[in-house]
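Protein chains: 2
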Amino acid sequence: MATHHLASWSHNLRYSSLPPEVIHAAIKTFYNWTGCAIGGSNHPAKAIAYKTLSPFFGKPTYSLLGRHHDADGGAGGYKSVDAQHAALINGIASHVHHYDDTHLDTIIHPAGPVASALLAVAEWKGSETKISGKDFLLALVVGVEAECKLGLAVWPEHYDVGWHITSTTGSIGAAVAVSKLLGLSIEQTSHAIGIAATQVIGLREMFGAHTKSFHPGSAAQSGLMATVMAQGGYTSSLQALEAKRGWVNVVGATKSTDELQADLDKWLGIGATIGEQDGVGLPDGATGRWEILRNSFKPYPCGIVIHPIIDGCSQLHHDLKARGLSGHDVASVHARVHPLVLELTGKPKPRDGLEGKFSFYHGAAIGLLYGKGTPSQYEDSVVQDPEVIAIRDRIQGTADRSLNADETRIVVMINDGQVLEKHVVHAVGSLEVPMDDKALEMKFKDQCMGVLGEKVDTASQECWGIEIVEDVRSIVKSLCT
Amino acid sequence: MATHHLASWSHNLRYSSLPPEVIHAAIKTFYNWTGCAIGGSNHPAKAIAYKTLSPFFGKPTYSLLGRHHDADGGAGGYKSVDAQHAALINGIASHVHHYDDTHLDTIIHPAGPVASALLAVAEWKGSETKISGKDFLLALVVGVEAECKLGLAVWPEHYDVGWHITSTTGSIGAAVAVSKLLGLSIEQTSHAIGIAATQVIGLREMFGAHTKSFHPGSAAQSGLMATVMAQGGYTSSLQALEAKRGWVNVVGATKSTDELQADLDKWLGIGATIGEQDGVGLPDGATGRWEILRNSFKPYPCGIVIHPIIDGCSQLHHDLKARGLSGHDVASVHARVHPLVLELTGKPKPRDGLEGKFSFYHGAAIGLLYGKGTPSQYEDSVVQDPEVIAIRDRIQGTADRSLNADETRIVVMINDGQVLEKHVVHAVGSLEVPMDDKALEMKFKDQCMGVLGEKVDTASQECWGIEIVEDVRSIVKSLCT
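Just so you know, the sequences run in chain order U and P.
Numbering-wise (the numbering used here), the first sequence opens with residue 1 and increments by one.
Numbering-wise (the numbering used here), the second sequence opens with residue 1 and increments by one.
Hints are computed from structural coordinates only; laboratory data are not their basis.
Any given hint could be a false lead.
It does not matter which identical chain is meant; a pair holds if it fits inside one copy or across any two.
Unchecked claim - Straight line, CA to CA, 25 Å or less: simulated DSS-like cross-link-like pairs of lysine-lysine: (1) K51 / K130; (2) K59 / K79; (3) K125 / K59; (4) K372 / K445; (5) K266 / K477; (6) K438 / K455; (7) K477 / K438; (8) K244 / K347; (9) K455 / K477; (10) K372 / K347; (11) K349 / K372; (12) K477 / K125; (13) K372 / K321.
In this text, all values refer to a predicted model and were calculated from it rather than measured experimentally.
Could you put the whole structure together from the sequences, leaning on the hints where they help?
Below you can see the structure in the form of structure tokens.
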């Protein structure tokens with residue numbers, strides 16, 4: 001029943017049933033995704049995908065976000081491709097800096113697969129029937145709910161065995177979202193779910209290579225493809241998720257069939273329904289919740305366990321500044337952190353930007369010196385800067401099991417003998433201390449400035465205003481160079 | 001090491017190292033695949049895929065085999081699409097009648113993913129550099145070996161849990177084959193294997209729907225895409241198959257990591273090498289065998305367990321004819337078969353062609369009446385023909401555990417009181433009684449006649465002659481209308 005229930009829930013949900021906070025969460029999710037896709041638009045992984053797949057591009061109906069950089073050093077600039085390849089390539093760009101959104105309960109990055117597919121469809125189909133901002137946001141909500149709830153049904157065994165849960169659930173989320181946007185029937189949506197479910201994309205073994213960013217892009221493409229095929233009558237199973245040899249049982253790893261069935265019913269079955277036609281919003285019951293409200297945004301483009309130290313050191317940067325001092329005046333830093341932090345990111349001497357993303361020490365250094373950790377602080381030149389290295393070498397970390405993973409206690413000794421202390425209880429970007437709209441806007445502009453230049457303010461305004469636009473295509477223009 | 005070893009084995013293998021019987025098996029594999037792709041070219045599943053995906057088609061560089069039929073009843077005719085969609089759509093067509101080749105040890109249908117990708121590439125790239133028949137056959141061999149050996153490493157748990165092993169191994173086989181055809185380096189081939197491995201396509205839950213035929217097509221497309229991306233520098237893992245969170249461990253189901261590693265080494269590691277540069281052919285050792293020599297061809301377009309009864313009844317048809325009698329003179333038929341036959345195909349009153357493919361009784365009836373079981377005998381009109389039904393209703397089956405799955409003992413009582421008996425020890429199409437070239441040619445012509453008309457003889461000759469052509473594109477022309 002889970003497949004049918006997901007399809008009928010999605011089909012029946014109205015915009016008027018979305019609580020205001022859900023709409024705002026959807027806008028933030030879209031806004032953050034757009035910034036990441038633009039910010040990642042000049043990454044080599046995207047350029048290679050564009051170049052190698054260009055012999056297959058169909059009629060250009062969709063603008064690639066940001067600015068294209070040719071893989072072979074050519075002129076680049078504005079590029080338009082067919083909707084399928086757009087979904088793939090924007091999906092790659094949006095994930096390539098590891099800066100996109102995170103549903104912390106499942107560590108799914110929900111926007112990549114769903115928004116990449118939706119925006120491509122909105123521009124492709126917009127010439128026939130305008131797709132409004134409200135239509136777009138509603139589809140984004142159903143897609144995010146679908147992938148995160150599916151993820152919860154198989155978490156954590158599915159991730160533990162080695163699946164990249166963002167894309168394995170993402171193709172299905174994208175199919176549900178595109179089905180909603182294109183107005184598929186409940187039965188057609190079920191077939192779309194099936195065709196998407198049979199394409200299971202993403203092994204964790206690919207982490208560290210370009211192929212990691214391929215995952216959300218490929219999920220977006222697969223979900224889009226599944227939906228247009230289902231709309232045209234291509235048949236699948238109507239029990240693709242719950243059947244004995246269907247999705248959850250095949251990819252559910254060591255979880256038993258009974259457990260999987262119970263979790264699937266809990267998260268996607270009857271009773272798990274939220275926001276149905278009556279518009280009453282959240283019902284009672286533990287599962288009657290909107291996952292999109294639990295979607296978080298990364299303030300820093302690096303492993304999430306490094307966030308507390310960057311947060312704390314950035315605050316210390318401002319404390320030092322208030323005293324007329326800077327990071328250069330620091331004699332030593334001692335930080336106590338959860339053991340996992342040093343286990344995963346205890347790299348004392350990172351050699352380049354990518355290694356810097358896995359270095360607790362580099363995170364502390366840029367926090368103290370710059371008061372922030374944006375993609376600029378992860379460029380090779382910064383990681384190799386002697387001034388950064390000098391501070392990095394004065395930092396010590398100690399594992400402390402009494403701390404949470406998003407917590408840190410920092411003691412800074414200044415050259416003049418003063419001592420400063422900082423206790424970060426929850427790092428910014430956690431559910432407890434989310435990035436507010438202003439912080440998200442700074443992140444957007446910081447990512448997009450180098451790509452869009454003076455258009456960045458317009459782009460930001462247009463994205464914030466998506467709810468009121470009559471034709472989503474009008475936004476896309478401001479997001480490209 | 002398995003990923004590297006597969007890549008280097010494939011990279012280093014020369015045509016001169018292929019034993020003559022391997023070359024002949026490759027030709028038969030290509031020949032049979034071509035017939036199936038042409039024979040399936042007018043199936044609705046293919047027409048829907050073509051119509052729904054046409055908005056995304058790129059520059060038409062590849063001819064779709066056979067004859068295109070429009071999903072909406074339009075003119076159809078000759079169609080050309082980009083190589084990626086060609087791989088997908090020809091792959092769908094080649095599998096849609098369940099008539100393609102079978103590697104019996106793993107029940108992989110090897111040609112679909114590999115040949116669909118290769119022929120698309122041969123025509124796409126042929127305008128730059130001609131691809132000869134020998135190049136094509138060599139690439140076909142490495143692709144088939146790759147997928148079947150990978151399949152052996154995860155068999156049977158991988159299939160049992162619900163993966164459609166044809167396509168899950170097929171994307172990797174296609175990537176290895178296309179890498180060989182395009183001359184990728186060992187490292188590039190490893191990256192191609194990784195990008196293909198991260199796209200795991202095919203749940204068995206889709207059996208019975210159009211999506212089953214999507215699987216080999218999608219595997220062909222994914223493998224092709226992976227290879228062109230890897231050739232252009234898109235990076236993946238170099239241990240995609242054997243890593244802790246790599247392909248075999250993630251999709252190996254209940255098989256333990258140690259078992260999987262041992263099986264991977266057995267089938268794909270050092271020591272499993274065949275036909276390396278010295279051209280000596282098969283080395284010693286149980287695993288030093290060519291899987292393509294174990295590829296079999298279906299004489300009948302239906303479940304393989306029905307083959308013995310069709311085989312036996314077809315022989316009885318000729319025995320009756322020799323006596324001046326026909327199926328109409330049969331009073332009763334009693335067949336003893338392996339219990340699985342009745343369990344899987346014990347449908348006494350099939351309603352249409354598709355149900356007929358799962359009916360032991362229909363199989364016996366068409367054998368007696370027509371002396372053959374070709375796609376024509378599985379048309380709705382035949383399954384619903386009162387004359388066929390009259391004979392079908394005189395057939396009884398009894399499960400007999402002492403028989404093999406490809407064996408049957410048949411007793412026929414004729415109206416005049418005579419009794420005929422037939423013992424099929426191994427059904428035709430098994431490894432023991434393979435379809436010979438002549439039978440394969442009859443199958444090809446039977447499938448293709450309705451599509452190609454008078455061109456069918458030329459098409460057959462061209463396909464048999466692939467080894468000596470200098471440009472594979474020259475063959476393709478004869479395979480389209």
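Taking the numbered hints from earlier one at a time, note which ones the structure violates and give those numbers from smallest to largest.
-> Hint 5 is the one this structure does not satisfy, whereas the remaining hints hold.
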